[in-house]
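Colleague: What follows is the residue order along each chain.
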Amino acid sequence: MNSGLRPDLAAIAEAIPQGARVLDIGCGDGALLEHLAATKNVDGRGLELSQQNVNACVARGLSVVQGDADTDLGDYPAQIFDVAILSQTIQATYSPKTVLAQLLRIGKLTAVSFPNFGHWRIRLSLLANGRMPQTKTLGYSWHETPNIHLCTIADFVALTDEVGGVVQNALALRKDGHTQAMQAHSWGPNLMAEGAIFFLRSK
Amino acid sequence: MAEAANPKFLRPVVGPHIDTGHAITFGAERPLLLDGGRELSPVTIAYMTYGELDARKSNAVLVCHALTLDQFVASENPVTGKPGWWTTLIGPGKAIDTNRFFVICANVLGGCMGTSGPAEIDPSTGKPFGLTFPLVTIKDMVHTQAMLLDALGIEQLLCVIGGSMGGMQVLQWAASYPERVLSAIPMATGANHSAQNIAFHEVGRQAIMADPDWRGGAYQLENTNPSKGLAVARMAAHITYLSETALQRKFGRNLQNRNAISFGFGPDFQIESYLRHQGMTFVDRFDANSYLYITRAMDYFDLAADYGGALAEAFRGTKTRFCIVSFTSDWLFPTAENKRIAHALNAAAANVSFVEIATDRGHDAFLLDEPEMFATVRGFLNSVAGHHGVK
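Taken in sequence, the protein lines are chains X and P.
Quick note on our numbering: the first sequence kicks off at 1 and runs consecutively.
Quick note on our numbering: the second sequence kicks off at 1 and runs consecutively.
By construction, these hints were calculated from the structure, which means they are not laboratory data.
Only a predicted model underlies this, so the values are computations on that prediction, with no experimental measurement involved.
Each hint should be verified, as a subset may be incorrect.
[To be verified] Straight-line C-alpha distance at most 25 Å; calculated DSS-like pairs for lysine-lysine:
| # | chain 1 | residue 1 | chain 2 | residue 2 |
| --- | --- | --- | --- | --- |
| 1 | P | K391 | X | K40 |
| 2 | P | K228 | P | K82 |
| 3 | P | K127 | P | K228 |
| 4 | P | K391 | P | K82 |
| 5 | P | K82 | P | K250 |
| 6 | X | K108 | P | K319 |
| 7 | X | K40 | P | K319 |
[As the list claims (entries may be wrong)] Which stretches of chain X does chain P cover? Using the computed rule of at least three CB atoms under 8 Å from a CB of chain P, they are:
| # | segment |
| --- | --- |
| 8 | 52-66 |
| 9 | 73-80 |
The C-beta atom is built at its ideal place from N, Cα and C for all residues, glycine as well.
All chains, please: the whole structure from these sequences, using the hints.
Modeller: Put into C-alpha cells, the structure is as follows:
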C-alpha cells in the first residue's frame, strides 16, 4: 500500500477496521483522517493543538477540534471510540502517563507511535559525545525541543503496564520506513528499532 | 390596510409600504404554547428564501438571525435599502451557495419585521400589543421556525447556521429537534447568557424605559417613540460588538471635524460621533419594545438548565454534525464560551469541529469579510452535503 502517508501512520491505518469510529489525537494537517475517510469509511474525529492546522482540517471537511491532549481527553466518555490514535505525540505531552490512561479509557483499541530513544545510535551518540543526542527525527537541541518526555520501547512497555494496558500488537519502525512485528518485551527491538507502534487495550 | 385606517397605531419600523417578504399565519387551529406558559394565537412568521428547494427537499439551510437583524439575509433590506446582512457568506457562488442550497431565514418571534411581536396589532383588542405581548424565549423562536418548516414541507435541514443569538437558536434547534438537523454551525455564541452580557442588556433596557416617550411601553397608542432611549441602548450594545483593538485602530483619540477639544459635551471625539450615528440610524429600523423582548429572550437562554444542568445531556445521542466557530477578539461570546459547547459535544460523543478565527474585529467579525471563516463554512457544508448526497 502506497498512500503517501508517513510510515507509522500507514501502519496504523492498515490496522483500523472499516467504518470504525476513530479519534486522532494530534492529527496535524489531517492526512491520516483524510486517508481513513477515503479508504476505510471511518467516522473520524481529530484533536489538534495548532489552531492553524485545525482550521485547515475543517476547511477540508474533517471533524477536528482545537484542544490539548493533556487537558481535553477527560471530556470524552469511556470506550466511545473504536480506535484512539496518538502518533508521534506522546513524547511532547506534559503528562504521558495521564494521556495514555485516558487513551485506554476512551478507546477500545489504542494506537501509539513514538521515536525510540533506546535505539543504538542514540545510545552511542550519548556515550561518545556526552551531549544530548540529536537525530534526523529528533533534530532539536535539548533546550528547545518540544519532546519533553522521550522514552525507550522498554520505558513505554513499563508505562503501559502501570496504567493497566495490555499490548495487543507491537511493530518496530525501521530506518527505511518499513515496519515489522516485534517482541515488545525483548531487548533486541529496543536497541534496533528507530521507532515503535503499539496497539493496546485496557486490561 | 389596518395602519391606514388607524394612523395612530403606526408600526414603528414596518410602515404600510414596506414589503417584508413571505409570511405565513397560523390561526386558532395551531396556537403556539410558549415557554412562559401563555398561548399565542394567531402567530405570523415573516421569512425570506433564496435558491431552489431540490426534489428530495434535501438542500435546505436555515439561517437564524442575531438580535437586531432580520430575514433579509441575502437581499436588499426594504427598510434600510442596504444589502442583505450576510451577503459576505450567502449568495450565488458564496460559501453557502444559493445555486446549490435552499436558504431560509425567518424574522424571530418578538421581532419587528413582520413576525408576531409587541409592535403588531393584538386582534383581540385591535390595538398594538405593547407590553401585553407575552415574553418569548429562544426555544419559542425555534418552535415557530419548526412550524414554518412544517408548513413548507421540509422535514430535515441540511444545516442550521447562525451567529450570536442566531447561534443560540442553532444550539436550541440541535437540542430540541436533533432528528431534523443534519448539521449545525453555531458561531460567536454561548450555551447561556453570561452575567456581563445580561448586564449590558439591562443597561439598554433601562435606557429605553427611562425615555419619557416610552410611555410604559404604550408609545404606539400615544404616537410617540422612545428613540432617544433606544439609541442609547444601541450605543452601549454596539461597543460590545467591537474590540478595543479595532476601536483604537479605527478611531484612537481622533477628534471629529475640529482641531482641538471644545470644553463642552458635543461629539469631540470621532468615536462619540460614530456611536451617535449608530444609535440614530438604528431607531429607524428597530422597535424599542422588540428590543426589550428579544434581549430578554437572550438573557433567559440557558440550554444546560433544561437538561439538569449538564450541557452534554442536551446533545445526548445526537447524530448532528457540529462546527463551532469563535473569534479571538470577541469578548461578548469569547472563545472559552464557544469551546465549552465543543467540550459538551465531545462529552456527548458528538461529531464536532471547533474553529477559532484570528481577527481583531470583535464579536461582529462573524458578519464581516473573514476569508478563513468562509473557508471553514464552505468546507464543512460541502462535506455534509456530499455525505447526504446533495448535488
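Colleague: Please go over all the hints and tell whether each is borne out by the structure.
Modeller: Evaluation of the provided hints:
1. Of the pairs offered as hints, the one joining K391 (chain P) and K40 (chain X) holds, with about 23 Å between alpha carbons and a cut-off of 25 Å not exceeded.
2. Of the supplied pair hints, the one linking K228 (chain P) and K82 (chain P) holds, its CA atoms being roughly 23 Å apart against a limit of 25 Å.
3. Proximity of K127 (chain P) to K228 (chain P) is assessed by CA-CA distance (about 24 Å); at most 25 Å being required, the pair is judged to hold.
4. Between the alpha carbons of K391 (chain P) and K82 (chain P) the distance comes to roughly 32 Å, so the proposed pair goes past 25 Å and is violated.
5. For a cut-off of 25 Å, the pair hint linking K82 (chain P) to K250 (chain P) stands: about 22 Å separates their Cα positions.
6. This hinted pair checks out: K108 (chain X) and K319 (chain P) have alpha carbons roughly 21 Å apart, not beyond 25 Å.
7. Proposed proximity of K40 (chain X) and K319 (chain P) is supported: the alpha carbons are some 20 Å apart, at most 25 Å.
8. Only residues whose beta carbon comes within less than 8 Å of a beta carbon in chain P count, and the segment 52-66 of chain X has 12; three or more means the coverage holds.
9. Closer than 8 Å: that is the beta-carbon criterion, and the segment 73-80 of chain X has 4 residues meeting it against chain P, so the requirement of 3 holds.
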